[in-house]
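Could you slot chain B onto chain A? The hints should help.
Protein chains: 2
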Amino acid sequence: MPDRRIPTAQVRRFLTTAFERLGLPTGDAATVADLMTEAEMQGSDGHGVIRLVPYARRIRAGGVNVRPDIRVVKEKAAMALLDGDNGMGHLVMKKAAEIAIAKARQCGIAWVGARLSNHAGPASLYPRMCLAHDMVGMYFAVGNANHLPPWGGLDMLLSTNPIAVAVPAGEEPPVVLDMATTVAAYGKVKAKAQRGESMPVGWMIDRQGQPLTDPKRAEQGFLMPIGGYKGYGLAMIVGLLAGTLNGAAMGSEVIDFNKDDTSVTNTGQAIVAIDPDAFGEVDEFKARVDKLVRELRASERMPGVDRIWMPGEQSHAKRLVNERDGLALPPALRQQLDQFASEMGIPPLQDH
Amino acid sequence: MPDRRIPTAQVRRFLTTAFERLGLPTGDAATVADLMTEAEMQGSDGHGVIRLVPYARRIRAGGVNVRPDIRVVKEKAAMALLDGDNGMGHLVMKKAAEIAIAKARQCGIAWVGARLSNHAGPASLYPRMCLAHDMVGMYFAVGNANHLPPWGGLDMLLSTNPIAVAVPAGEEPPVVLDMATTVAAYGKVKAKAQRGESMPVGWMIDRQGQPLTDPKRAEQGFLMPIGGYKGYGLAMIVGLLAGTLNGAAMGSEVIDFNKDDTSVTNTGQAIVAIDPDAFGEVDEFKARVDKLVRELRASERMPGVDRIWMPGEQSHAKRLVNERDGLALPPALRQQLDQFASEMGIPPLQDH
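If you read the sequences in order, they're chains A and B.
Counting from 1, position 21 in the first sequence corresponds to residue 21 in UniProt numbering; the numbering is continuous, with no gaps.
Counting from 1, position 128 in the second sequence corresponds to residue 128 in UniProt numbering; the numbering is continuous, with no gaps.
Among the hints, a few may not be true.
Copies of the same chain look alike in the list, so a pair counts if it works inside one copy or between any two.
No more than 20 angstroms apart at the CA atoms, straight line, and that leaves these computed lysine to any residue pairs for SDA-like [to be verified]: (1) K95 to T31; (2) K188 to G228; (3) K74 to Q106; (4) K74 to V282; (5) K74 to R5.
Hints in this document: simulated from the structure, not taken from any laboratory.
With the rest of the complex left out, here is chain A (with noise of 0.2 angstroms):
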């Protein structure tokens, strides 16, 4: 039996009743809501309702601030940098895009960065907020938990810190990467932990430096950066970007999400808003990202390959779907969500 399909506007009616709940305002929980039902449209379900548990977790047990200032307290031309007073990443990063595109608006590009944030999602929800402005965003986030060593090192001291670029094209979909620094994500290894599945070499590995395959050993081991030292490299300078840049955590000082509901994350993030129309015709512009495209996707083939993907097509095509036939949430999901509500004492999901 396929999982009954639910409107999205139920799951954003029932998200910001949960948030309200919470003790947000009436504002900020719909923003919320909204951002999670965008991120469960487009396939980013790591990202998306499921948060919303340990979300209201870390709410109750006062380590998110529900009613934030969150203010500029560096600005030029094209720049600026948030204070997100705790508050939920959603609300400081949304924030932070508007006023990006705004300045680049003015001066071609702008870069908005953010300290005192929170866990905001996926990465490319917020780049994508550029797309509605025939923009280009471009996002850096240090991550929530720390599973990567230095090369060569055992401390974990460094997190999967994602990079998401999204691009306006004209006839075709965005081009919208969102990649973690990381061969695997950490969710798909408890997912094979969950399943009983081995892990492909290449995902983790142990602290003698060899693969790692069972993930139920995971604890004992270590995400695999991509390339090695590049991706190593990569994750390093997407927190001094995001982080370190921002006066926000990095490193050691990064709070582990999973574990620890109280103590403040300081969590640092940064968007890029980058206008065509600055550099020439926006239309043409976007007319010869289609060619790129089309020109990709009309590669000859690998045998038993059936169609070349560019990045974030399949999240397009997830998003239209979803959009159209509603969200089909596990039922284990939906349960979780039941007894939430019954918890909160706030009604049910409805499917309808």
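Here is chain B on its own, set in the frame of chain A:
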């Protein structure tokens, strides 16, 4: 017998004379010579002195404009687009870096793109120019030969499009990442073939998607992007930012400069300067970078690992040694330079 070391000033002088003889104005010849020597000093030998002969071949074939009018064609407060007029890439990107630094001082950040540029040596040269101004530099470039198909494809439509980022530190060496988006550079494959060695699994795949380990069969396969489809996405995105955004060549438009000496390459590159002074006290920022570097370096190590290196730290050490002791050019390269000098009617490279 160790290679005889040649003072860097001699190498600079020789290269300057060579480029003057090739028709570059004296100042431009000295700039290109400086940057090629710098590349050699930091250990980027694949992008250093070894490039003189292929550069000269292209210049003499009329493929590069020796007296370019490098000019700003689009400009806003925090961005500029340069038309390189098909000049040497070193000249274009040095100018781009200078403009980016000046604009970032005003605006906090600036992005300068270039079209109609050419190969400019190792990516790290240009973001490193930001360090002397206590700024962070980022650099993106479209490579000058396509060695990479889209993920699952067979047509080589993408290059190893590099990313480089330079971050100033306080007492520690700056953190300088310089990475191609493939596991191995093509030059490393050629070196394995010359030595009759096989390649590790993961460097290349053949047209069936199987590992290719015989470097003599390299023409029948493709370089592997780092992290598989992630590196493919990253190579595409870097190309969109450095090429497509600037109206420079990307995808099938890229000219293979190993095979074609006369077509205008329309190379695209971009540099970003970020002023940490806009985000807070620059000395505090640099102290935080030092703290992170020391923390990562002090990590417990895997068995057999003598030292944990930061990105760019080995290049930094080489630069110091080579600056003091001179450059150890391989005998085969010395012979090539002597022959070149004789053909061009210029004095040969002097040892002291």
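Against the structure, the hints come out as follows:
no., hint, result
1, K95 to T31, "within (11 angstroms within a copy, 43 angstroms between copies)"
2, K188 to G228, "both (19 angstroms within a copy, 16 angstroms between copies)"
3, K74 to Q106, "both (18 angstroms within a copy, 14 angstroms between copies)"
4, K74 to V282, "between (30 angstroms within a copy, 13 angstroms between copies)"
5, K74 to R5, "neither (45 angstroms within a copy, 49 angstroms between copies)"
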